[in-house]
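A.B. asks: Listed below, chain by chain, are the residues.
There are 2 protein chains.
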Amino acid sequence: MSEPLRFEDFIVGRKFSFGDHVISEKEIIDFAKEYDPQPMHIDPVAAKNDIMGGLIASGWHLCALAMRLIKDGLFHDTTSLGSPGVDEVQWRRPVRPNDRLTMEAEVLEARDSKSRPDRGIVRFRFDLFRSDAAGKRQLAITYTSPVMIRKRDA
Amino acid sequence: MSEPLRFEDFIVGRKFSFGDHVISEKEIIDFAKEYDPQPMHIDPVAAKNDIMGGLIASGWHLCALAMRLIKDGLFHDTTSLGSPGVDEVQWRRPVRPNDRLTMEAEVLEARDSKSRPDRGIVRFRFDLFRSDAAGKRQLAITYTSPVMIRKRDA
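Going line by line, the protein sequences match chains A and B.
Its first residue numbered 9, the first sequence is counted upward by one per residue in our numbering.
Its first residue numbered 9, the second sequence is counted upward by one per residue in our numbering.
Hints in this document: simulated from the structure, not taken from any laboratory.
Hints may be right or wrong, so weigh each one.
Unchecked claim - Taking CB as the label site, the calculated pair distances span: (1) P92(A) x R14(B): 34 to 42 angstroms; (2) P52(A) x H84(B): 19 to 27 angstroms; (3) H84(A) x G143(B): 38 to 46 angstroms; (4) R119(A) x H84(B): 41 to 49 angstroms; (5) G81(A) x D38(B): 17 to 25 angstroms.
What the hints assert, rightly or not - Below are the DSSO-like pairs computed for lysine-lysine, each with C-alpha atoms no more than 27 angstroms apart in a straight line: (6) K41(B) x K34(A); (7) K79(B) x K56(A); (8) K79(A) x K41(B).
Glycine residues also receive a C-beta, built at the ideal position from the N, C-alpha and C atoms.
Using the sequences plus the hints, can you model the full thing?
C.D. replies: Dropping the structure here:
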């Protein structure tokens, strides 16, 4: 794994592609039984007859998986010092069992922290894409988020 | 359990209080190992020496738990037909092991669906509160979200 990225590396307009995870039916159901037990997320038979035409992942599950891909693929070690929140989470397309998930991130803004000289605040757009077995790739979820990022030699 | 609420029940300004869940250290760590494996969420010893002064739940874990409390306490059965997303998720206060979590919801807007006569769109503010052992209650996370809600007799 390469050196952790630092605040100085996140130039406005820079884009990152990372992440590769194939989501299973079991994963979708296990998450939803715990956190979002609606028929479309936990019951393949009921979901088949529903408007979505089959089991789909909880939107919150996709947010959680995006976080994991970001942690593994972008924020190695202690690059990220946390975030005060996220904005405009859009669940654009359903994600189904065996879809392949990949991520893209773009730096929208970068500024120094007013109170802490060891860090800056970088606002990202994060996009999670799904690819189905036929290879069609679609935006599944998108959101923006400010993240506190450690500066180099801080 | 009472009759499921329908679109007509969600009058602008109406407030709901529901949910009661005590979060354990194991739950915090189990979620974070899967989805947000940062030291402050998975390592009680490292977290103790960190800026937060102890283990805290992942913000995405809190969103997922809020969803579960909403499903159990507000959207019984098939009241909710899904949501296109959420706005302005703010992680305001850390949640720690053994905190008691409760929810409040307020109806911000309610309008008919233009395309589907069987439903309306209700925009909620959802607030998740934490209470510690001393009984102090604080807003932990807050967000707004439009939700598609079934109409009565639709």
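A.B. asks: Decide, hint by hint, whether the structure agrees.
C.D. replies: Consistency of the hints with the structure:
In this structure the hint that P92(A) and R14(B) lie 34 to 42 angstroms apart at CB holds, the actual value being about 35 angstroms. At roughly 22 angstroms, the beta-carbon separation of P52(A) and H84(B) lies within the given 19 to 27 angstroms, and the hint holds. As the Cβ distance of H84(A) to G143(B) is approximately 40 angstroms, the hint placing it in 38 to 46 angstroms holds. For the pair R119(A) and H84(B), the supplied restraint of 41 to 49 angstroms holds, since their beta-carbon distance comes to about 45 angstroms.
Between G81(A) and D38(B) the Cβ separation comes to about 22 angstroms, which falls inside the hinted range of 17 to 25 angstroms. Taking the CA atoms of K41(B) and K34(A), the gap is near 18 angstroms; set against the 27 angstroms cutoff, the hint holds. Distance hint between K79(B) and K56(A) is fulfilled; the C-alpha atoms sit about 21 angstroms from each other, no more than 27 angstroms. Of the pairs offered as hints, the one joining K79(A) and K41(B) holds, with about 11 angstroms between alpha carbons and a cut-off of 27 angstroms not exceeded.
In summary, the structure agrees with every hint in the numbered list given earlier.
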